[in-house]
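Engineer: So the protein lines, in turn, are chains A and B. For the record, in the first sequence the residue sitting at position 134 is 134 according to this note's numbering, with numbers rising by one throughout. Heads up, this note's numbering is the position in the second sequence plus 138, with the first residue counted as 1.
Heads up, some of the hints might be wrong.
Said to hold, decoys possible - Computed footprint of chain B on chain A; a stretch qualifies when at least three of its residues, placed anywhere within it, have a C-beta under 8 Å from a C-beta of chain B:
#1 19 to 28
#2 50 to 62
#3 67 to 74
#4 108 to 117
Quick caveat, the hints were computed from the structure, so don't treat them as lab data. In this text the structure is predicted, and so the values were computed from the model without any measurement. For each residue, glycine too, the CB sits at the ideal point set by N, CA and C.
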Amino acid sequence: MTTLTFRVRGMDFSNAGEVGAKVKRILHQIGFEREVTRRAAVAAYEMELNIVIHAYEGEVKVRIFDTGVEIIAEDRGPGIPDIELAMQEGYSTAPPEVWKMGFGAGMGLPNIRKCSDIFEISSEVGKGTYVRSVVLRG
Amino acid sequence: MDLLSIINILDAEAIAAPPRPGLVQIGSVFVGDLMSDVLSHAGPDTLIVTALCTSQLVRVAEVVDAPAVCFVQNKMPQQSVLELARSKGIVIIVTPYCAYQSSALLYRAGLHSAVRPGGYNGGYLEI
Chain A
1 MTTLTFRVRG MDFSNAGEVG AKVKRILHQI GFEREVTRRA AVAAYEMELN IVIHAYEGEV
61 KVRIFDTGVE IIAEDRGPGI PDIELAMQEG YSTAPPEVWK MGFGAGMGLP NIRKCSDIFE
121 ISSEVGKGTY VRSVVLRG
Chain B
139 MDLLSIINIL DAEAIAAPPR PGLVQIGSVF VGDLMSDVLS HAGPDTLIVT ALCTSQLVRV
199 AEVVDAPAVC FVQNKMPQQS VLELARSKGI VIIVTPYCAY QSSALLYRAG LHSAVRPGGY
259 NGGYLEI
């Protein structure tokens, strides 16, 4: 098993996207199937960007097993008051200044769920959010 | 369809390109400016057509293995965006046409939309 940990800062768009790209490169290098690699990389990217856009800071932890990939994002931030609403495609609370950069489509969490074989989310208002995605091979 | 043909169809200029763009194969087209939409729909054979000339667009293209990005209306990215694209092996072309015209030209040339109902592995919506 390999574990990778990435620290992510809120509103740091200069480095945003590197987590997804690194996950993709590593899984590709160790021979994971293209579709598994794609799903894990997309989930990691969306988790990273959720922290960048919505939280003060956080961490994305990626654990690679022979059987698949587990990605966990934990942040310190405002939290999500209504998770069911946040999971709806198109619903977004992203600030307007990120729209012009192509973010805030309200597709981040739905994309993570679509890419995942196992998906969990929990959040506490005023504290932060926890998201877990597992992408399985075969 | 090879990228060289697409460059000709769009009267485009390749500003970050491999030595032989004819070897890059494109099978579908995604048109849009939202990162999550690109992640939902684009794949390893997709040309991304967009007005958003940012480094984020290049990073998203890398995540989904999209081989090429087309910036519309002669929008020129910053040098740092081009350098990032070159380092990732992603082709950047620039067309004078807008997104609507580019879509029409590529559709007429026989290319599918990358948007598939039911997600990346779903079928195409024919029109």
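Engineer: For every hint, state whether the structure bears it out.
Structural biologist: Tested hints:
| no. | hint | verdict |
| --- | --- | --- |
| 1 | 19 to 28 | holds (count 3) |
| 2 | 50 to 62 | violated (count 0) |
| 3 | 67 to 74 | violated (count 0) |
| 4 | 108 to 117 | holds (count 3) |
Hints 2 and 3, counting from the list given before, are not met by this structure.
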